[in-house]
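One line per chain: the protein sequences are X and E, in this order. Under this note's numbering, residues 1 to 453 are what the first sequence spells out, in order. Under this note's numbering, residues 1 to 453 are what the second sequence spells out, in order.
Heads up, some of the hints might be wrong.
If you want the footprint, here are the derived chain X segments under chain E, 3+ residues with CB under 8 Å [claimed, not checked]:
{"#": "1", "stretch": "197-204"}
{"#": "2", "stretch": "216-228"}
{"#": "3", "stretch": "260-269"}
{"#": "4", "stretch": "325-339"}
{"#": "5", "stretch": "345-351"}
{"#": "6", "stretch": "412-420"}
Residues from chain X that keep clear of chain E, each with C-beta distances beyond 12 Å, as calculated [unchecked claim]:
{"#": "7", "residue": "Glu10"}
{"#": "8", "residue": "Gln14"}
{"#": "9", "residue": "Ala21"}
{"#": "10", "residue": "Ala37"}
{"#": "11", "residue": "Glu85"}
{"#": "12", "residue": "Ile106"}
{"#": "13", "residue": "Glu135"}
{"#": "14", "residue": "Ser136"}
{"#": "15", "residue": "Ser275"}
{"#": "16", "residue": "Gly282"}
{"#": "17", "residue": "Thr298"}
{"#": "18", "residue": "Ile342"}
{"#": "19", "residue": "Ala364"}
{"#": "20", "residue": "Leu407"}
{"#": "21", "residue": "Ser427"}
If you're looking for bench data, these hints aren't it; they were derived computationally from the structure. It should be emphasised that the depicted structure is a prediction, and the values quoted were computed from it without experimental measurement. Don't be surprised by glycine CBs; every beta carbon is placed ideally from N, CA and C.
So you can see what is in the structure, the chains are spelled out below.
There are 2 protein chains.
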Amino acid sequence: MRTPLTTTPELRQQVLNRVYALDVAGLRSLLDDQHPADIADLLESLDEQQRVWIFSQLQLPVAAEVLDEARTDTLLDLVEGTPDERIADLLEEMPMDDAAEILSEIKPARADELIALMEPEEAAEVGQLLAYPPESAGRLMNADIVRLQSTWTVAHTLDVLREVDPEIELLAYLYVVDPAGKLEGVVPLRRLITARPERVMSDLTLPSVVTVQTGTDQEEVARVMAQYDFFAVPVTDEAGVLAGIVTHDDVIDVLADEFTEDVQRFGGSAPLENSYLSTPVGKMVRKRVGWLFLLFFTAQLTTTIMQLFADEINQVVALSFFVPLLIGTGGNAGSQMTATMIRAVAVGEVRFSDIWTVLSRELATGLLLGLAMGAAGFVFAQIGGYDPLLAITVALALLVLVVWANLMGVLLPIFADRLNVDPTVISGPVMSTLVDATGLLIYFTLAGIILGL
Amino acid sequence: MRTPLTTTPELRQQVLNRVYALDVAGLRSLLDDQHPADIADLLESLDEQQRVWIFSQLQLPVAAEVLDEARTDTLLDLVEGTPDERIADLLEEMPMDDAAEILSEIKPARADELIALMEPEEAAEVGQLLAYPPESAGRLMNADIVRLQSTWTVAHTLDVLREVDPEIELLAYLYVVDPAGKLEGVVPLRRLITARPERVMSDLTLPSVVTVQTGTDQEEVARVMAQYDFFAVPVTDEAGVLAGIVTHDDVIDVLADEFTEDVQRFGGSAPLENSYLSTPVGKMVRKRVGWLFLLFFTAQLTTTIMQLFADEINQVVALSFFVPLLIGTGGNAGSQMTATMIRAVAVGEVRFSDIWTVLSRELATGLLLGLAMGAAGFVFAQIGGYDPLLAITVALALLVLVVWANLMGVLLPIFADRLNVDPTVISGPVMSTLVDATGLLIYFTLAGIILGL
Chain X
1 MRTPLTTTPE
11 LRQQVLNRVY
21 ALDVAGLRSL
31 LDDQHPADIA
41 DLLESLDEQQ
51 RVWIFSQLQL
61 PVAAEVLDEA
71 RTDTLLDLVE
81 GTPDERIADL
91 LEEMPMDDAA
101 EILSEIKPAR
111 ADELIALMEP
121 EEAAEVGQLL
131 AYPPESAGRL
141 MNADIVRLQS
151 TWTVAHTLDV
161 LREVDPEIEL
171 LAYLYVVDPA
181 GKLEGVVPLR
191 RLITARPERV
201 MSDLTLPSVV
211 TVQTGTDQEE
221 VARVMAQYDF
231 FAVPVTDEAG
241 VLAGIVTHDD
251 VIDVLADEFT
261 EDVQRFGGSA
271 PLENSYLSTP
281 VGKMVRKRVG
291 WLFLLFFTAQ
301 LTTTIMQLFA
311 DEINQVVALS
321 FFVPLLIGTG
331 GNAGSQMTAT
341 MIRAVAVGEV
351 RFSDIWTVLS
361 RELATGLLLG
371 LAMGAAGFVF
381 AQIGGYDPLL
391 AITVALALLV
401 LVVWANLMGV
411 LLPIFADRLN
421 VDPTVISGPV
431 MSTLVDATGL
441 LIYFTLAGII
451 LGL
Chain E
1 MRTPLTTTPE
11 LRQQVLNRVY
21 ALDVAGLRSL
31 LDDQHPADIA
41 DLLESLDEQQ
51 RVWIFSQLQL
61 PVAAEVLDEA
71 RTDTLLDLVE
81 GTPDERIADL
91 LEEMPMDDAA
101 EILSEIKPAR
111 ADELIALMEP
121 EEAAEVGQLL
131 AYPPESAGRL
141 MNADIVRLQS
151 TWTVAHTLDV
161 LREVDPEIEL
171 LAYLYVVDPA
181 GKLEGVVPLR
191 RLITARPERV
201 MSDLTLPSVV
211 TVQTGTDQEE
221 VARVMAQYDF
231 FAVPVTDEAG
241 VLAGIVTHDD
251 VIDVLADEFT
261 EDVQRFGGSA
271 PLENSYLSTP
281 VGKMVRKRVG
291 WLFLLFFTAQ
301 LTTTIMQLFA
311 DEINQVVALS
321 FFVPLLIGTG
331 GNAGSQMTAT
341 MIRAVAVGEV
351 RFSDIWTVLS
361 RELATGLLLG
371 LAMGAAGFVF
381 AQIGGYDPLL
391 AITVALALLV
401 LVVWANLMGV
411 LLPIFADRLN
421 VDPTVISGPV
431 MSTLVDATGL
441 LIYFTLAGII
451 LGL
């Protein structure tokens, strides 16, 4: 028994010692005890040359699993530094859905060369998977599964399973198809092992099965599996023919990627397709510059508004001193609210029909937070020795702004979702920019009234 | 075969029609075809009275699964509106880890009453689970598992499995323990069904097993399962005695909750423990007011800085017009960067040792983005008819601010992680507030030099 994820730092040192000593035998015996996922993590922490050299020392089945587990940047280094023939052998060694995944991450020309080097059968299978649209169930699925016939007896089925390639995973369910390959239902492995040998599959089959189609988006697949607590979901084509299964390990990765994209979008940039370090600077700039420009043009409104109130600022220059504090606090309240609401909408906790409940809740929350901030602002302006009327203006502006920002933070994601726009486009930066412009209008209007400008 | 997640809107109408007609038989036959997870979703979309009434019409096993799948707010309604005896029966019907989960979400006094109504055996088991710390593997695990002995033959093991309570899940692996209950290894179900009847378990056992301990934090459990692509992970106590297993469906929920918390934190508030709608307004305010105050006090610095430069503003009042635009754009650039970096650090793509690589990349990215924003700012100020020197000041300030905000956005999450602080504390609001204060210093200093104030 070993405790996972704790060995890496010491292991890394021991591995490096053997690499520097060119002690191949020592290195191999050290890595033999490691899980391939841990070896992949180890390679991640080393430089390109070290990665490639250690990888070249691994035995084929281990190397295949390591390649399968490696993140994009390590993967690209390993594929780059390893001869084509060996990569082709490694790809043949792994489940074809994982091979397809790897081939889709490397340059298309190189991928074609590698496929040409693979055995015809595997090359055909991987080609088929790559023909499905990116991010679809067809891409994600494992097509190499056991298909049972409803007429088979338990004894015959067990004989078949004994002959099945050990590379093929057997999970909690087996799939029954008709002679045309159409999915008829599932047999729980548990039923199979506890049934008498002469019973036939049709007696053991559960007919009602949730399926996805080859073209179903991977996010939808992940949602289905989370909804029904599935370990695997069968994938069929339009005719109902069983094409493969998607297993939960594929879905965990999809969920993590989608979440990364959501956070990036919420930060105010277009999501990256690859890992941060493997995205070139030029691409990073392109991913970010669009939103920055859009927000910049919106933010120009703030300058126009300030200009409109130039007279007021000229009369009481201290008015301008509070501008960053006010719009900053409003933006923060809006950003808090919108983050909470984006997730509540995404997981379906809040629907459009809840809008009145949510509005009345957030009017209350906004008022309480606004009162707290307004009081703090009043005390701060008084201590700073400003005109009491200016202090009142600041306090009132804070109150109104927080309430207003809070309501925008709740309404915009709900309306975005209603219009079938991903609510994460209402990012923190979008909120702050909107609050900046409207907040200035509120502040200077209040100032005009209270200070009599 | 049915396509999932598409039936809900029409189903909802059909269900409501039967509810209004008090057509119990029709309602039952309609819901009989539905997956309990879908019934839970349906209840979610109805009001409290409807939820409780429909729930009362469900048969015990279905009702138990629906309760298990319901989100917090629906769950609380159902528990509130259902007699104690029936809730106790429902809890006995489900896996004890799920029963413990539900009991931990309702008021402790009511939970104790319900436990007292359960069968002594189940009550004891649920009590044991609740004794583990919240969010630990012990809380999450299913203690009701099949334990094999290494001396058993395949034939005997299959006999035992036939007798096992059908409620107990059998997954891809079975667990072998010594007479003291210590975990010795796992037997893949596949090996068992394909082995000859007279072979003993010790021949089929894989000894090297990754385990977690009962006290392991649930996030760590989720990380282990994602790392090794596990469907289930065994949980042991300090002595190595097998206490239960955590399955991937528990972990998917944990991951989704952690995502939600991360987004809320990144939005600048403390994460909620429950769903949005089931969190009272008072609690929402408490979750948010701390950060708002902290940021408010930091933001006061902006007022002080503006005051410092009161002379300059008095001479060229137009200087103040660009303040929201400048600090807003800087904040947006910083927020983009910090969101990308938080995820890159969280998933281990970027480590502290990558700091120089990352810095040089982000210096380049920041310069390119800064040049673009600076150019846009210059054109905008020129079109607005401002003094060319002021336009140059604005352009230069934008360039320097974007570079500066970008570097802060990359450094702060990396240092937070290095200091073992969750990098999501560097939220969008924290970034904007820091950029606001430092940005004003940069802007007015540049203005002083260029405009000769």
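Hints, one by one, checked against the model:
1. 197-204: violated (count 0)
2. 216-228: holds (count 7)
3. 260-269: holds (count 8)
4. 325-339: That given contact holds, which follows from 12 residues of the stretch 325-339 of chain X lying within Cβ reach (below 8 Å) of chain E.
5. 345-351: It holds: at least three residues are needed, and the stretch 345-351 of chain X offers 5 whose Cβ sits within less than 8 Å of chain E.
6. 412-420: violated (count 0)
7. Glu10: 16 Å, holds
8. Gln14: 18 Å, holds
9. Ala21: 22 Å, holds
10. Ala37: Per Cβ check, Ala37(X) is inside 12 Å of chain E; nearest 5 Å; violated.
11. Glu85: 27 Å, holds
12. Ile106: About 18 Å separates Ile106(X) from the closest Cβ of chain E, which puts it past 12 Å; holds.
13. Glu135: Its Cβ never comes within 12 Å of chain E, the nearest being 18 Å, so this holds.
14. Ser136: Label holds. Min Cβ-Cβ 15 Å, cutoff 12 Å.
15. Ser275: Since the minimum Cβ distance to chain E is about 5 Å, Ser275(X) lies within 12 Å and the statement is violated.
16. Gly282: The claim breaks: Gly282(X) does not keep its Cβ more than 12 Å from every Cβ of chain E (closest is about 8 Å).
17. Thr298: 9 Å, violated
18. Ile342: About 7 Å separates Ile342(X) from the closest Cβ of chain E, which leaves it inside 12 Å; violated.
19. Ala364: Given a closest Cβ separation of 5 Å, the condition is violated.
20. Leu407: The claim stands: Leu407(X) keeps its Cβ more than 12 Å from every Cβ of chain E (closest is about 14 Å).
21. Ser427: Violated, since 8 Å does not exceed 12 Å.
The structure shown violates the earlier hints numbered 1, 6, 10, 15, 16, 17, 18, 19 and 21.
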